[in-house]
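2 protein chains.
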Amino acid sequence: MAAKIGLGNIVIAQSGGPTMVINASLAGAVAVAMRLCEEGLAGRILGARHGVEGLLKGDYVDLTKLSSARLAALLQTPSSALGSCRHKPDANDCRAIFEEFRRREVSCFLYIGGNDSADAARIIADEAEKEDYPLVVYHIPKTIDNDLRSCDHTPGYGSAANFVARAFIGDDLDNRALGGVKIDIVMGRDAGFLTAAAALARREKGDGPHLIYLPEVPFTEEKFVADVKAAMKKHGRCVVAVSEGIRGKDGVPIGAKLGSGEKDSHGNVQMSGTGALGDHLAGILRAKAGVKRVRADTFGYLQRSFPDLQSETDVMEAAQAGGQAVVFACKAICGRRGFPSKGTVGIQRCKGARYRVKYVALPIADAAKYTRSMPEEFIAKSGNDVTKAFLDYAAPLVGKLPKVEKLF
Amino acid sequence: MAAKIGLGNIVIAQSGGPTMVINASLAGAVAVAMRLCEEGLAGRILGARHGVEGLLKGDYVDLTKLSSARLAALLQTPSSALGSCRHKPDANDCRAIFEEFRRREVSCFLYIGGNDSADAARIIADEAEKEDYPLVVYHIPKTIDNDLRSCDHTPGYGSAANFVARAFIGDDLDNRALGGVKIDIVMGRDAGFLTAAAALARREKGDGPHLIYLPEVPFTEEKFVADVKAAMKKHGRCVVAVSEGIRGKDGVPIGAKLGSGEKDSHGNVQMSGTGALGDHLAGILRAKAGVKRVRADTFGYLQRSFPDLQSETDVMEAAQAGGQAVVFACKAICGRRGFPSKGTVGIQRCKGARYRVKYVALPIADAAKYTRSMPEEFIAKSGNDVTKAFLDYAAPLVGKLPKVEKLF
Numbered sequence: 001m002a003a004k005i006g007l008g009n010i011v012i013a014q015s016g017g018p019t020m021v022i023n024a025s026l027a028g029a030v031a032v033a034m035r036l037c038e039e040g041l042a043g044r045i046l047g048a049r050h051g052v053e054g055l056l057k058g059d060y061v062d063l064t065k066l067s068s069a070r071l072a073a074l075l076q077t078p079s080s081a082l083g084s085c086r087h088k089p090d091a092n093d094c095r096a097i098f099e100e101f102r103r104r105e106v107s108c109f110l111y112i113g114g115n116d117s118a119d120a121a122r123i124i125a126d127e128a129e130k131e132d133y134p135l136v137v138y139h140i141p142k143t144i145d146n147d148l149r150s151c152d153h154t155p156g157y158g159s160a161a162n163f164v165a166r167a168f169i170g171d172d173l174d175n176r177a178l179g180g181v182k183i184d185i186v187m188g189r190d191a192g193f194l195t196a197a198a199a200l201a202r203r204e205k206g207d208g209p210h211l212i213y214l215p216e217v218p219f220t221e222e223k224f225v226a227d228v229k230a231a232m233k234k235h236g237r238c239v240v241a242v243s244e245g246i247r248g249k250d251g252v253p254i255g256a257k258l259g260s261g262e263k264d265s266h267g268n269v270q271m272s273g274t275g276a277l278g279d280h281l282a283g284i285l286r287a288k289a290g291v292k293r294v295r296a297d298t299f300g301y302l303q304r305s306f307p308d309l310q311s312e313t314d315v316m317e318a319a320q321a322g323g324q325a326v327v328f329a330c331k332a333i334c335g336r337r338g339f340p341s342k343g344t345v346g347i348q349r350c351k352g353a354r355y356r357v358k359y360v361a362l363p364i365a366d367a368a369k370y371t372r373s374m375p376e377e378f379i380a381k382s383g384n385d386v387t388k389a390f391l392d393y394a395a396p397l398v399g400k401l402p403k404v405e406k407l408f
Numbered sequence: 001m002a003a004k005i006g007l008g009n010i011v012i013a014q015s016g017g018p019t020m021v022i023n024a025s026l027a028g029a030v031a032v033a034m035r036l037c038e039e040g041l042a043g044r045i046l047g048a049r050h051g052v053e054g055l056l057k058g059d060y061v062d063l064t065k066l067s068s069a070r071l072a073a074l075l076q077t078p079s080s081a082l083g084s085c086r087h088k089p090d091a092n093d094c095r096a097i098f099e100e101f102r103r104r105e106v107s108c109f110l111y112i113g114g115n116d117s118a119d120a121a122r123i124i125a126d127e128a129e130k131e132d133y134p135l136v137v138y139h140i141p142k143t144i145d146n147d148l149r150s151c152d153h154t155p156g157y158g159s160a161a162n163f164v165a166r167a168f169i170g171d172d173l174d175n176r177a178l179g180g181v182k183i184d185i186v187m188g189r190d191a192g193f194l195t196a197a198a199a200l201a202r203r204e205k206g207d208g209p210h211l212i213y214l215p216e217v218p219f220t221e222e223k224f225v226a227d228v229k230a231a232m233k234k235h236g237r238c239v240v241a242v243s244e245g246i247r248g249k250d251g252v253p254i255g256a257k258l259g260s261g262e263k264d265s266h267g268n269v270q271m272s273g274t275g276a277l278g279d280h281l282a283g284i285l286r287a288k289a290g291v292k293r294v295r296a297d298t299f300g301y302l303q304r305s306f307p308d309l310q311s312e313t314d315v316m317e318a319a320q321a322g323g324q325a326v327v328f329a330c331k332a333i334c335g336r337r338g339f340p341s342k343g344t345v346g347i348q349r350c351k352g353a354r355y356r357v358k359y360v361a362l363p364i365a366d367a368a369k370y371t372r373s374m375p376e377e378f379i380a381k382s383g384n385d386v387t388k389a390f391l392d393y394a395a396p397l398v399g400k401l402p403k404v405e406k407l408f
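Protein chains in written order, with the numbering used here: chain A, 1 to 408; chain B, 1 to 408.
In short, the hints are calculated from the structure, not lab data.
Treat the hints with care, as some may be off.
Intra- or inter-copy, both count: the list cannot distinguish identical chains.
[Stated by the list, open to error] Dumping the calculated EDC-like pairs for lysine to aspartate or glutamate here, alpha-carbon to alpha-carbon at most 16 Å:
id, residue 1, residue 2
1, K257, E100
2, K292, E262
3, K292, D264
4, K234, D250
5, K205, E405
6, K406, D62
Please read these numbers as outputs of a predicted model, since none were measured by experiment.
Modelling step: build the complete structure from the supplied sequences, incorporating the hints.
Below, the structure written as structure tokens:
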């Protein structure tokens with residue numbers, strides 16, 4: 001039964017690459033929606049399996065009565081518990097979706113995802129308007145890439161950055177033990193935020209990563225070889241953080257040229273899930289930098305799926321962003337000013353010494369389609385490192401990192 | 001000043017691939033040796049930097065007065081804090097080493113490492129005998145590969161296995177969300193123990209890894225493709241654990257054929273630090289198994305270096321093995337029966353329902369050079385999985401694994 005006022009029945013789904021806290025956003029949204037259900041302001045909470053694909057098939061899981069124990073367990077569970085997809089809906093898809101929505105008396109749709117998922121949600125919202133289907137749509141931000149224009153930082157980033165920083169703490173010690181050059185490829189299609197987090201691994205002078213390459217700075221073989229030679233001379237070893245999205249002066253990602261060329265429905269070329277870029281760069285160094293021991297690892301999907309490593313701040317904010325989406329949708333249905341019926345949850349950092357954020361309702365277009373890059377003040381002038389401004393920005397998001405001991 | 005009785009001055013060093021607990025063995029040995037120093041039974045404790053290379057150069061760190069706080073921090077610090085190497089000493093090297101040892105009045109040498117490091121220690125011990133240099137040599141076992149013949153299991157294995165099992169818990173959820181085939185390459189040059197630990201990630205029916213390929217079972221493309229097709233049919237998705245050491249019917253590791261061909265001084269071909277094997281297998285599936293979405297990750301050095309993930313059992317046993325080496329060496333110097341002057345610390349599992357181990361002094365040759373493979377009873381008849389006997393063997397070594405929540 002749909003409620004007569006409030007949100008009616010609510011559909012929630014997850015989309016795009018999973019993160020370590022996308023289930024926390026789901027749990028946060030469901031927890032708040034449950035309260036509305038208890039108060040008769042909402043009917044049922046339905047989870048669509050595999051995002052838009054589940055909407056199309058009417059493939060739903062009823063979440064209305066999820067126990068608190070299971071909600072709490074979701075906070076600690078990486079990946080998308082409802083399943084995910086990378087499907088960009090068209091007008092025909094939307095008509096099929098609305099048929100399902102009509103049958104189930106759905107008046108609110110919440111979509112947790114990145115910029116492409118926000119765009120998918122925007123398409124659904126626009127088509128609903130055209131079709132006169134009364135629907136409030138809210139996008140809940142997530143992405144380990146941290147590249148949404150609507151957020152100071154994005155849920156999912158802090159935990160992935162924690163993984164990356166930890167990985168570099170350990171890998172730098174490994175490189176100290178056996179020497180040579182170690183290249184680590186970090187996720188981040190268009191933005192360098194996650195790769196930049198490698199810099200948080202440094203605690204003492206001489207700690208790696210010694211070089212950081214971001215998609216924002218055009219990459220050339222010549223500079224790379226010269227940089228590594230200089231680092232080897234200075235430190236006797238070298239740890240390099242490289243974004244999977246580095247691109248040459250032509251703007252084309254180098255990894256995309258080496259991969260299978262596979263594209264998703266949003267037009268993104270596959271870059272993760274292959275070691276090709278790391279191996280390519282290792283080959284360059286073996287041939288041109290005169291370094292014998294060169295190793296390359298690609299952190300791959302572990303960065304977004306490794307269990308039990310969530311940053312506490314990230315989990316909390318992901319859950320709050322989910323909850324806020326329900327609150328904002330409720331206000332939009334009630335016609336409250338400043339709460340668009342096609343919205344996204346923006347996360348803004350408050351000014352002041354103590355780290356705090358606030359959540360704001362923004363038009364969904366603010367999050368959709370386009371991404372943001374690392375701002376210039378986060379990138380060192382050398383083009384192969386980050387600045388203190390970046391470290392100050394990232395540290396509160398990432399949470400605690402382990403201490404290690406050195407003997408020399 | 002060397003002590004007149006007891007161990008004289010003690011040299012300790014680390015060798016081979018680092019692990020998450022090789023520093024725990026160092027800390028354990030140093031802690032026990034410190035007690036001997038306090039009682040006048042030993043003089044100084046010297047750490048050689050970068051194993052045999054430090055011995056050759058006389059490059060030492062004095063560990064005699066290391067604070068308890070730093071010893072405790074070492075228990076939690078992955079990688080080899082003294083630095084490592086893969087140097088196989090010859091008779092000339094040994095003469096140079098003994099010159100340094102004479103100058104520093106060293107009568108006890110402890111070497112923490114795997115089978116190649118045990119062999120290096122054995123060479124040094126044999127040459128000392130030939131040269132009439134009075135030296136007690138003890139090897140302290142470590143290797144994430146778990147392939148020492150002298151141990152039920154090897155310090156370093158449990159923690160690496162914990163990383164691998166966790167990684168598969170998360171990656172299996174990631175694969176549930178987005179589907180297709182995911183291949184994960186796990187370390188293990190000759191033995192499949194670490195790859196087999198992926199099976200600990202399974203908690204419920206349908207959980208991955210769905211297929212496990214070990215170096216002990218000859219790998220064929222035909223069976224691989226057929227296995228994956230069958231798993232895709234059954235589960236609609238497929239997570240595959242593959243050892244970096246898988247080999248064809250010719251016995252040659254497939255990864256070795258794809259890599260740089262680089263060899264260390266023990267004759268081992270480089271296999272880690274490249275994504276080539278994963279990419280090769282993904283290519284096979286794209287071409288022959290009719291699966292569109294295939295991704296491959298190579299866990300790489302993170303398996304041995306990731307901080308703060310140590311298995312408690314592993315840390316404790318690594319530290320105890322280090323301590324026992326000092327005790328055994330002391331007894332060998334005193335001429336106690338059953339304590340060889342060229343020894344290794346064997347770890348034996350006690351019979352009975354409760355997991356317990358005991359440490360025994362064994363001839364160093366028992367650990368040196370040759371490795372052991374997974375016993376037949378640990379490998380499923382299908383050749384693409386492990387048995388319950390393996391899970392029972394591995395579970396107590398690996399420690400706690402995180403719980404996750406599913407919605408369908």
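Worksheet item: Between the shortest in-copy and the shortest cross-copy C-alpha distance, which are at most 16 Å for K257 and E100: within, between, both, or neither?
Response: Classified as neither: same-chain Cα gap 41 Å, cross-chain 54 Å, threshold 16 Å.
Item to complete: Could you figure out if K205 and E405 sit no more than 16 Å apart (CA to CA) within one copy, between two copies, both or neither?
Response: Within. Shortest intra-copy distance 14 Å satisfies the 16 Å Cα cut-off; inter-copy 42 Å does not.
Discussion item. I want to check one pair: K292 and D264. Are their C-alpha atoms no more than 16 Å apart within a copy, between two copies, both, or neither?
Written reply: between (38 Å within a copy, 11 Å between copies)
Fill in: Within, between, both or neither: K292, E262 at alpha-carbon 16 Å
Between copies, since 9 Å is at most 16 Å while 34 Å is not.
Worksheet item: When no copy is named, should K234 and D250 be tagged within, between, both, or neither for a Cα gap of at most 16 Å?
Response: neither (31 Å within a copy, 45 Å between copies)
Worksheet entry | Same-copy or cross-copy closeness of K406 to D62 [CA-CA at most 16 Å] | This pair counts as between: shortest inter-copy Cα distance 13 Å, intra-copy 52 Å.
Hint compliance for this structure: hints 1, 4 are broken, all remaining hints hold.
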